[in-house]
Amino acid sequence: MATRTRRTSRTAASTATAVRVVNLIPKSLSYESEQDSEPNLAVNPAQPTQMAASAFTPNPLGGESAPIFLSGDGGRTWRLNASVPSRGETQDITLAFSGRGGTLYAGILSRPPGTRGETRLRILRTSDYRSPAAMTVLRTRLGPDQPFVQAVTIGGRDRVYVGTNDTAVDSRTATVEVALSAGTRKAFRSARIETRATDGQDGPQVRPACHPDGTVYVGYAAWRGERGDFDANTLVISADIVLVRDDKGGAGTRPFRALVDPSDRRAGRLVATDVSFPFHSSGEGVPGQQRLGGDLTLAVDPRSSRRVYLAWADLQGDVYTTHLRRSEDGGATWSPDLRVIAHATNASLAVNRKGHVALLYQALEGNAARWVTHLERTTDGSTWSDLVLAQAPADDPPAQFDPYLGDYAHVLAVGSTFYGIFSASNAPYLEHFPSGVTYQRRVDFANHRLLATDGSVVPTSIDPFFFRVAD
Amino acid sequence: MARGTSVPRRRGRTQAGERAASGAEPTLVFTGTVRELGAATMPDLPHAGALAIVRVDHVVSAPAPLRGLAGQDVTLARGDRTRWAVGDQFTFDTAPWVFGESVALRVLRTSAIAAPHRDAHAAPRAHADRVLQKHVSDADVILSGRVVDVRAAPEEEPPGPTRETRPRAGGPVAHARAVAAPPPRRPISEHDPRWRAATIAVDDVAKGRHGQAQAVVRFPASRDVAWWRVPKLKPGDEGVWLLHRTEPPQRATGGVRAKRTLRAKGRPAAPAAEYQLVHPEDFQPRSQLATVKALAKRSR
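Chains A and B, in that order, give the protein sequences. Numbered per my numbering, the first sequence spans residues 216 to 686. Numbered per my numbering, the second sequence spans residues -7 to 292.
Treat the hints with caution; some may be incorrect.
The calculated lysine to aspartate or glutamate pairs, modelled on EDC-like cross-linking and capped at a C-alpha distance of 16 Å, are [as the list claims (entries may be wrong)]:
1. A:Lys569 <-> A:Asp686
2. A:Lys242 <-> B:Glu93
3. B:Lys126 <-> A:Glu279
4. B:Lys285 <-> B:Asp121
5. A:Lys242 <-> A:Asp659
6. A:Lys242 <-> A:Asp669
7. B:Lys289 <-> B:Asp196
8. A:Lys242 <-> B:Asp65
9. B:Lys285 <-> B:Asp132
It is worth saying that the hints were derived from the structure and are not from the lab. Nothing here was measured: the structure is a model prediction, and the numbers come from that model.
Work the whole structure out from these sequences, hints included.
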């Protein structure tokens, strides 16, 4: 007979550091076995109990709207709210709250795509993140990829930055959609930030990070060469890792030109040159079922806009490897690698108000048997503590589509607390979650079964997991 | 369950334009009994009109997993002006709102209960029929037949000559020079559909006009999140295709390298596709032909 259990397990270590890990799938969707990958998270800095999260989660009933997850109690419980104007589900989606006022912004690739298969970027806004009404569409464009939204409130106005890899333009595709007062439909303009010739394009990650003093950084990979074949799943890109900066929020006619590289006097500091990374067309046959296509993340210290951290992934030999570096002078000069992590992807960085740094990543470990989700933290950049949030099987479930875990996970800081989200197998074994876990959906941990509300057994799938780590 | 949870009062005005944009369509139909007015099965639901707790007596139309809602209490946000009283029974046509500890739905229409429903499998079937009806209505042409060939779509044709690997030379300045004039190509993306063209030998036309014995249909080979649900065709597949006319292919995204591979295998591109598969429902088994024809007739 099926047993209804809802359990939380905490290790001594996790209790000491006040860790909370929660599976976001709500009880009423206990039957679901979708691949809820590529998660993102926003926490309202003015009211940190309010959160919004996203993943490749379809609307349970289909229809003309897609859902996001909402929490009003600090991430203890989550609900699915169908308020995103995208048919049934989204493609890529990221979320950010404004600095004040609780306005939620989203950058999505909406459905349906363009009539010729183009991606359809939408930038969205709602003043009430819990509202059932469709979010207001502020901007629509065909072609951009991987919209990554960040927001900050300065002088009572929301500044919103959406980094995209704009495949609608030729060659210099790194782009930021900028709004210095995001309350109106015509607030956004496209800033092209690539100043050099490329091997056809940049990206796919174009990641902004903003500071309350008006400083905005954007990091991206500039493609310089390639070998192999995309369709044969052998394409390898050679690239430079580039950082641009604007000290006035992206205002003016030539935005993001504040940081110049000494080698060619062009805007955009070359943080690392001649790196290479695979650009897979599919995760089929790739270890861990996860397609790879570069990683890039950055975070700015809230105490000083000159201190910025940047991480990316490249091939060291044939090992996909994450690197982390720091600049103390606004990106002009850079430390050597602070961290080098083999077999790691989906890196995400955050800096809290104490200046402590969190690095989230997912590493393929145990001879490619497990995806292990780590949160490493440091107070000084040299000594790191490692918190394992999940160590889930890499072959269960089999992938339904690409990407298996997502092309990103996410961590952010509000005050001194780190909040984040990752996707992993929901196979119900407590030992997969050494920092503890709570499932909202019905689960029988004793017998390692997921259960629908009627007690029938549900297959393993990829679920999004929220975490909160007090620092 | 938070039975009797108080409903928050609406504060302030809704932003202009926010509510008008919702294009939800009816997706869950059930008969139910009003249990409590001004209450919800979950706490802290935002204002969305008057709320009520309603017991689901019978699911009329829903995706298969949700037929388990029968016998459960749900929260309904009332979107119409029908007067409700505790104990009233209606057929509720609803759209999704919140899935949490319980389920909350928005009422689109309320009507008198027509007839009792007994068949446990009728609800998912009715839902599937409603979904299929919509796609039949949306399709430009509906054909049945057999796939006789699949190859790269003309959209995959590279606009420039095939390039060999260009290793980086020197520092950033020298390298910038080296790639100063790359041959034009479209950027590639992980969302690249990787278009393929299937030639179908047509044996019946269920909707629209198609005079030729064959039809060329474009479909995405990619299993990226953007495309994985769209049917992938292979030679020998037989069935019914709900087809959408294509637009000129010259600005289709990505796929340059896909063509290189196929070219190396000596497989030329197919003729330009007239039609395209868009939805998972656009390929139906041949056994569905009579149903599709009936739905097509109804949609005229």
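Hints and how they fare:
Our distance criterion of 16 Å between C-alpha atoms is met by A:Lys569 and A:Asp686, whose separation comes to about 9 Å. Under the criterion of a C-alpha separation no larger than 16 Å, the hint pairing A:Lys242 with B:Glu93 is consistent with the structure, at around 5 Å. Proximity of B:Lys126 to A:Glu279 is assessed by CA-CA distance (about 13 Å); at most 16 Å being required, the pair is judged to hold. Distance restraint check for B:Lys285 and B:Asp121: the Cα-Cα separation of roughly 12 Å lies within the 16 Å cut-off, and the hinted pair is therefore satisfied.
About 13 Å separates the Cα atoms of A:Lys242 and A:Asp659, which keeps this hinted pair within 16 Å; it holds. At roughly 11 Å between alpha-carbon atoms, A:Lys242 and A:Asp669 fall within 16 Å of each other, so this suggested pair holds. For the given pair, B:Lys289 sits about 15 Å from B:Asp196 by alpha-carbon distance, which is consistent with the 16 Å threshold. About 14 Å separates the Cα atoms of A:Lys242 and B:Asp65, which keeps this hinted pair within 16 Å; it holds.
As the CA atoms of B:Lys285 and B:Asp132 are separated by approximately 14 Å, the hinted pair is consistent with the 16 Å bound.
This entry satisfies every hint, going by the numbered hints stated previously.
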